[in-house]
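Enquirer: What follows is the residue order along each chain.
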Amino acid sequence: MILTLLIALLFIGGLLAWFSERINPALPRWIALAVLAIELLLMLSLLSATPENGWLAAYNHAWLPRFGISLQFAVDGFSLLLLLLTAFLGIVAVGSAWSEITERAGFFYFNLLWTLAGVVGIFTALDLFLFFFFWEVMLIPMYFIIAIWGHENKFYAAKKFFIFTQVSGLIMLVSIVVLAWFHYLQFGFFSFAYQDLLNVGMNRSMEMWVMLGFFIGFATKLPSVPFHNWLPDAHSQAPSAGSIILAGVLLKTGAYGLVRFAVPLFPNAAAEFAPFAMTLAAISILYCAKVAFAQSDIKRLIAYTSVSHMGFVTLGVYAWNELALQGAVMTMLAHGLSSAALFMLAGALQHRIHTRNMHEMGGFWGRVPRMSAVALFFSIAALGMPGLGNFIGEFLALLGAFQANQVLTIISAFGLIFASVYSLWVIQKIFHGKYSDNAFDGSRLLDLDNREMAFYAAMMAGLVWMGVYPQSFLDLSAPTLQALLESQAGAAAVGALQP
Amino acid sequence: MTPLDYAGYTMSAGDLIPLLPLLAVTATSIWVMMAIGVKRNYPFVLGSTVAGLLLAALLAMRLLTGPAPEAAPLLTMDAYAQFFTVLICAAAVGVSLLSHNYWTEFDDQREEFFLLLSLATLGAIVLAGANHFASLLLGLETLSMSLYGMLAYPVHSKRKANSHALESAVKYLILSAVSTAMILFGVALIYAETGSLAFAGLGGLPAGPGVGFSVVALLLVSAGVAFKLSLFPFHIWTPDVYEGAPAPATAYLATIGKIVVFIVLLRVVVETRSLGIAPVVIVFSLLALLSIIAGNLLALLQDNIKRILAYSSIAHMGYLLIAIIAAFYAEGPISIEAVSFYLFAYVVMTLGAFGVVSLLSSDALERDGISDYQGLFWRRPWLAAAFTGMLLSLAGIPLTAGFIGKFYLVLAGVESGLWLLLAALVVGSGIGLYYYLRIVYRMLLPEPADAPELRQGNAAFAIVLVLFALLVLFGVYPASLMSLIQGIAL
Amino acid sequence: MLDLIWLLPTFPLLGFLILALAEGKLAKGPAGWIGAGSIGLSFAVAALVAVSFLQSGLESHTVPIWTWMSVAGFDPGINLYLDGLSLVMILVITGVGFLIHVYSTGYMADDPDFSRFFCYMNLFVFAMLLLVLGDNLLLLYLGWEGVGLCSYLLIGFWYDDPYNGYAARKAFVVTRVGDTAMAIGLFLLFAQLGTLNIQDMLHAAEAEWAVGSALPAITALLLLGGAVGKSAQLPLQTWLPDAMAGPTPISALIHAATMVTAGVYLIARTHTLFELAPNVQLLVAWVGLITLLMAGFTAMTQNDIKRILAYSTVSQIGYMFLGLGVGAWSGAIFHLMTHAFFKALLFLGAGAVILSLHHEQDIFRMGAKRKQLPVGFLCFLIGGLALTAFPYTSGYFSKDEILIAALEVEGQGLWLWLGGVIGAFFTGIYTFRLFFVVFFGESRGHHDAKEVKGLNIALPLFILMALSLFGGWIPVPLDAVFSHGAEHEEHHISAFMHGVMIALPLFGIAISYLFYGSGILSAEKLMSLPGSRALHRFWNSGWGMDRLYDFLFVNPFLYLARVNAKDIIDAFYDMLAALSRAGHLLIVRTQTGYLRWYVLSMAAGLVALIAVGVLL
Amino acid sequence: MMGAIPVEHGLILAGILFSLGLIGVLTRRNIVFVLMSLEVMLNACGLAFIVAGSRWEQADGQIMFVLILTLAAAEVAVGLGLIIQMYRRFQTVDINVLSELKG
Amino acid sequence: MMLLFYLAAVVAVIATVCVIVQTNIVHALIYLILSLLAVAVIFYTLGAPLAAMLEAIVYAGAIMVLFLFVIMMLNLGQNTREQERAWLAGRGWILPALLAAVLLAQLLYVLSGVEGMSAPEQVGVMAVGARLFGPYVLAVELASILLLAGLISAYHLARKPGAEDE
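Protein chains in written order, with our numbering: chain A, 1 to 499; chain B, 1001 to 1490; chain C, 2001 to 2616; chain D, 3001 to 3103; chain E, 4001 to 4166.
What the hints contain is simulated information worked out from the structure, not anything from laboratory work. Hints should not be assumed to be uniformly reliable.
Said to hold, decoys possible - Quick list of in silico lysine to any residue cross-link-like pairs, SDA-like style, CA-CA up to 20 Å:
(1) Lys3102/D / Val2588/C
(2) Lys2566/C / Asp297/A
(3) Lys434/A / Ala454/A
(4) Lys1158/B / Glu3100/D
(5) Lys2028/C / Pro369/A
(6) Lys2025/C / Asp2111/C
(7) Lys2566/C / Pro369/A
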């Protein structure tokens, strides 16, 4: 029941936020904040739940009986982690939008909350139709966020985002339907339920095609090369709250899908495909790190780094052992925080000096030491500094992946070098060097205020926590991942290329 | 000299019961005609039309669940037909109410429009129940004949600067006549071969490889039908006619005018699917494929909303054809359900989209330029939200009925393994998003400084909102409709 | 008492946190006290620990703090491991580190970012301590990266100048190349041995791997990769001279005394692995030897006082590597320690000189400064002697040990020894070239230089002088660590050899005197010889390694980045869009508006349809 | 007295007439001619039905013909109405004037 | 009878060709009537006397008269011949004729294989009537609706503007 409440609250909260604007223009953000705070508390309350059949909470109600589709929600440790991330970053996004979004604020928070509702739905839905439903539902409000409150090239970006995700989503829909159809052929009744579909057997080539459909859907959202091109545009054009949600949460839905669906549903095909997926991951890591370095638009740069980092997730997932999966999960969480913070910073900069062009910046350390220190922190987090969350994730992913595929892991590890190149480049271009305000109004370049600092501090604390005591997170996701691995007993050696 | 054989054919009052909706619409037409003859009263005529059509819809709804009637020689008013009768009549009511606002300031006789509308609806209902080529012909032509009038309706208006309505009607008339000739010639050939004009008689066509005759006959009919459905390469009239016609007439043509043909087509396919004439199926697949691609490409950079909707309808007919083709292959009811659901969704969303256009347009000025909609979101949020909903539904995004429809189509395609067509569906949807989003984006832009006043229209607005509500309702909880459709499957 | 070693990194960490959270609002006084004091406390703890450890007679002691993570059998802890090796290291780090911190309170007194400086410094010490105390390779790696980060931050401390930023990034990225190799080594070790705990891992390796087999060779190579990166050895040595862009105390602490020797520590720590891979071990020796010679040549041609010292550092670490490579584990660590003393002394002395001369670093703009800068003079005299291994200075003992061990290597021993001795000869030349040019001859600038006063500057210098002179007698408790090695026995070499080893550095000093001290020989004349200019340029540029790397890696990367800034894959999607657009423009032309054309299209469609249908 | 005529020939005649009508529709610019050509095509269809009906000795063919007749009459009525309006507006029967809608 | 059929067929084809190439619209109309009458003869030869009758009366009679009215109303005929000729000139013919020829070829290809003969018996008025008002009774009603729709459309369109029906 609590799960339906989680989703309903966001939908209703969104509507409330929209309508409340008429009463008072400041009301929507408070409503959004309150709703998300309640969400967070509700999710935290799930931490103490005792698992039943591996689920901390579950809800099931018939929806479309014609095709055996039901409103089936369930949460385990893995999804709960992502839910917590979602609610937390939701609050951060509200904080980021707090003074940035002044026009049509009610509609903005409506879209924000509805996007999050879609995301929460994705992380909780166990019926594949329902999953897909939410998968698409979150696109529309996100489209609005980019298209209305975005920057100079927003239509192009919003459209690209929408078309990429929608087309890949449709491919996934076809795959889902094929899967359900095979279930029908084998068992004589329709079902879209996850547990039912796990039992479906298919011939080799069909399984591969269907798996590919899922993979394309998730790899686009993740994103992985070569489906990543929507992301730099969407990120750079979205308002910072949008970028935070995009980078922090939306990308994780793709990773979640890979872990929850793309591999377990198709063990054999996934095993066969693993080397290719890992190759794509390695290419993503290196290629996008390289492209990131060449960007002058700071948000584009961060966007490309996101692709690069998510490559570690793909790598980890397709290595399909506990180490690598935990690494992938940790990377998801840590990258959620670090990229969200970086986008928030970029947004804060743009809000202040109205440019994202790094060539127009420089020497900000002297002017905005707080912001500089914060940026430094998150940059080094992004480059994988041990002691911070990203390192744990990437290291575990690589450590696990090494057992599955040594060559690709070694290639991917070079991403660590590239990460240092671009991360430090950002620091150099913006905060180091000589200060000059030829390109913007220097008087607007103010340091972070206490409200902003509070959000950054929370994210920093989170990253340090993940870095020095990741066990709290690992313990939460371990049962899920172990169960997934066990259920794949026959295909435990996914991606294992060792002799 | 053959003996008088109608002695064997009797018609009892009981046989009329399934025809009640038809009779109700006929009565409405007559009533409206007489009312016009007595005294022209716009509200009264509108009210009568709406009331009559509603009555017909209610009757059909009542009959929907009743016992299945015996097959009559020309019309089979089974649950399938009754379901679509409800849909047709409801859509016709919608169009009537939409047009109320449109004609308010019209400087010519306004009442005949509703008369034509109810006559067209009559033709549409006949098509819904047609099981015979004679009723097909009559239904189709009654519909078309009324549509000619509706399309060219403002032809005398001095308020209207251009002659687009006339052009649209002439084009439609000539081309439609050509297509009718094709259908008729094909039917004649079929008849020459089988000796029967009922759809059921199609089974008598010689099947198997190398039977050019059956193929040509069926393809002649198909070509005519393809014209009515505006499938590539018979699509070419669609945008011109849509654009030139008054918005309510376009709405009628785009919704009822399209779906009835599909209703018949599905019936024919179900009758003939045992035939398995491969070339015909392949030709249909080709038509679907080309329609999806061409329709979406044509709409891509279009700046006129009616034309965009016209082109997109070409693509949508292509999507629907996937389910029809699936019906050729699979015995199961899924493809029929898919067509039924999609048609329902298509009516809702297309009517809604044209409803918005109608609401903002008048007989003097069609507001169909994409720039006319700039800033609509901030000027008329609900209207814009509804329009956005319709467009997203056309694009097949969840929360809307269009998504469920697309899901059905995919299911039908998967059932029959139509991978190429499904791929086309995916690609087409991708292209389609571009132009739907263009419109949505225009509505999101700040309104221009010199924007003219927007028309108001309560009835039309109510209809748009009702459609929006239906769209969302059946997008979120379509279970009831699904089970209904499951019940009416042929 | 031993359990208190967790306090050791805690103090610097607290110092870092306080300084960081104060956001630079702290006055210089308290900031300096916190910054230096935290290290002082650490040193005190280290001293206590040392005493109790040596008294206890334990071989090692592990202090678990918490389990870092535990995933599928991978459970590295935040555990501190103390043995003789780490004891030496923590003493050097906290001891020398404390002195340098104290010195810095004077040296950085005028810097507006005073507290940021100490913030980074404390963080550095924290990370360095973790590096040497970590009981598993992951924790070591944490420290390893942490010190790299601090190195980056401190090299680029004066961020106004883009060159400093460049140097900092270069340092970080080049070492990261090595780090990545090391990380891969960790993956391999874990995959093969199932643990990253150093002692467990070494035992497992000894048990499972045969001497000379492939796996230990590969892992040792990968770890060596990390080590050469951090310790600026061939082929990753190029970053260190540039790293001199940072404040001089940094150069002393990080780029001479502690961080750069982490590679030596790593190899010593995992020496079992290297013993299992004799070829790699020999490679270590050769890497050290070649590096020390190359750096020696280069040092002779530099004019920047800090760069000379930087190359000398590279060269001296080369000796350590040589020592490691020939199995003189203790000798290498011993040299590490003495090098920390005298190189810290030299750098701090150089810092004093530089500060006195208003940040002048070109030795040819100095000259005859022995009167004006007596303390600096003394520093360089003592440090220089220790560096050139003048008998009975600290450097003499440690270098001796290494060279003697080298001689004992079978086969290539003589060559290694000879190279090391020649290197020592060069050391004499470049060290005293610097010495004579700066303190003798004519004053070539800054005639009014005045020595910087202040106990916080002078005191550390004097302590370091003492250590440099007498550090050679400090016993290092390393026997237990390297006990199983065979090298622990009295070395006997011929008196001739020994004489050569002592004489050559002195000979180098003499040559240096002839050229720069007395002017009897002239460098200009030497330069006028054919080809010498080119050679000078070549050596001066560090054997062209920078240009080689620019050519091989940096420029291609920049080129690729530049040409593909727009992401070529995007072009593919743009092409799809363009294709659609072209398709639209093409097909929309069929919508001519002419009715007859429409009928024609229908007729054509019909014909086509029938044609397709009939042909099928 | 009735000589049996092959259905084939009747249908071929219908086909020829149909094609001729189509040519007329395709080539004439005068809209009245277009309408007349359409009548030819519809008439050809009617002929085909009669031929088919006579093959089966059924009345259905003739009934279809009657229905086509009805259709043709209605079509002509509406078509001519449109032609009149067109002539009123453009003073021409050139079908090409109706090409404002395109793209 | 067969002879009559082929004779009428030839007349019908020639007359139709004349219709589509004729420049004088009145002449064309006359040719059309001729063609329709020829078809009426064919109907008769095929044993469909009612259809033949209706063809002559309704088609050749009523509908063509309608055409004539309009032609007169629009004052077409002799004076528009030049224009018609100009419109017909050029290569505009080639493609349509080619297409139609291909279509005809396709039709001939499939039709030439059709077996069967037309029945020698006449299907007379009685039979048609009985069937029409038997099973086809709905069709009759619907045809009336079709005519009504046509009527109303035509009325609305052809009306003089402003001529209210008060």
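Enquirer: So, for every hint listed, does it hold in this structure?
Expert: Results for each hint:
1. Lys3102/D / Val2588/C: 9 Å, holds
2. Lys2566/C / Asp297/A: Holds, because 11 Å separates the two Cα atoms, which is no more than 20 Å.
3. Lys434/A / Ala454/A: Violated: Lys434/A and Ala454/A sit about 29 Å apart, past 20 Å.
4. Lys1158/B / Glu3100/D: With Cα atoms ~18 Å apart, Lys1158/B and Glu3100/D stay inside 20 Å; holds.
5. Lys2028/C / Pro369/A: 17 Å, holds
6. Lys2025/C / Asp2111/C: 14 Å, holds
7. Lys2566/C / Pro369/A: 32 Å, violated
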